[in-house]
Amino acid sequence: MRSVTEYLWYETKQRRELINITDRVETIVSGSRIAEGMVLVSAMHITAGVFVNDHEPGLWEDIWSWLQTLAPAGPDYKHHRTGEDNGDAHLKSILVHHQVIVPITKGKLDLGPWQQIFYAEFDGQRRKRLVVKAMGE
Amino acid sequence: MRSVTEYLWYETKQRRELINITDRVETIVSGSRIAEGMVLVSAMHITAGVFVNDHEPGLWEDIWSWLQTLAPAGPDYKHHRTGEDNGDAHLKSILVHHQVIVPITKGKLDLGPWQQIFYAEFDGQRRKRLVVKAMGE
Amino acid sequence: MRSVTEYLWYETKQRRELINITDRVETIVSGSRIAEGMVLVSAMHITAGVFVNDHEPGLWEDIWSWLQTLAPAGPDYKHHRTGEDNGDAHLKSILVHHQVIVPITKGKLDLGPWQQIFYAEFDGQRRKRLVVKAMGE
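Protein chains in written order, with numbering that gives the first Met the number 0: chain A, 0 to 136; chain B, 0 to 136; chain C, 0 to 136.
If you are wondering where the hints come from, they were derived from the structure by calculation, not from laboratory data.
One or more hints might be untrue.
Unchecked claim - Computed list of lysine to aspartate or glutamate pairs in DMTMM-like fashion (alpha-carbon distance at most 20 Å, straight line): (1) Lys77(A) with Glu55(C); (2) Lys12(A) with Glu60(A); (3) Lys77(C) with Asp84(B).
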């Protein structure tokens, strides 16, 4: 069994940002020389998410406004008694999930034609990271 | 390490459909001769989901009406500027997640007594596929 | 390849309860003597969830009230024609997802500083279980 672990760091300019990280994950997988296996892509913070969907700017706007509807930013969270103001970012992270697994087949990410991997930052403007761990043979 | 990769194709008659795929995944796992490992079941399209829940038709109706409430079909998505009309299907896919991992123990899917694996089609009536990848020993 | 499979049983006092299970998963991983790999933590019931987030009681209150807003308990579920009264618990399970994968790096759970693993019981007061399966080398 072969495994490789790398950490991707991001410090977004906006508080909320979507970043297509497919190429960076692909590069890690190529470098791992794993032909058959799986790669886990997982946010290491509880106010960020990772999901697979479409590289289409209109859809990104839809996703943001949808997340604001279902898990709105606001002053009313009990979590804010700690001094934080990011209660909504925790709920958004739970909603979109913080991780995906992508199969590795014949040395490549085995994604469908429109599937791209996104890092969803819900409380950025500081250094945060993801773990990318590939396992296989 | 042993691994097996298979693709399941579906072309649903309805635009939205739930399909219990547990038996097909079980067959792939049996054929793989993996005794201990994990199997990833992952939609390869961004307008479909995979989840584990109950084989109970009343519940399926509840799931559909709930998904329509939280991620309604409608004309107002920015994504529709591309000519598509399936914005809701993308959001539903993110909501239910597009993949599950099932442990393989003693050669079988290690599911609880009521756990069944479902493919959730949100924009069907065309050929679409899932990847099923098992890894283990 | 090395693998270990253990089952964690819980019988909550309340119908709905959040339990931090990070230490129990860490103990299983230590005992497995896996240095590099992944551990799957997955509810075996369809009315429970597993997620990673913050150990902060104010946030837990936010999560509960948010889940009640998005997937409210109520009498109106079609699933209740079977005699059950836990329709909301199924939807909550789908919403938060029933599983997470945690990377194992240098023999430890490779979590971010605030990441903790929670079992979310949505229909407890009876014996229910999770599967914890670690794989690696």
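Between Lys77(C) and Asp84(B), does the CA-CA distance stay at or below 20 Å? 29 Å, violated
Verify the proposed pairing of Lys77(A) with Glu55(C), using a straight-line Cα cut of 20 Å. With Cα atoms ~10 Å apart, Lys77(A) and Glu55(C) stay inside 20 Å; holds.
Below or equal to 20 Å on CA atoms is what counts here, so check Lys12(A) against Glu60(A). It holds: about 17 Å lies between the C-alpha atoms, which stays within 20 Å.
Violation of the numbered hints given earlier is confined to hint 3; every other hint is satisfied by the structure.
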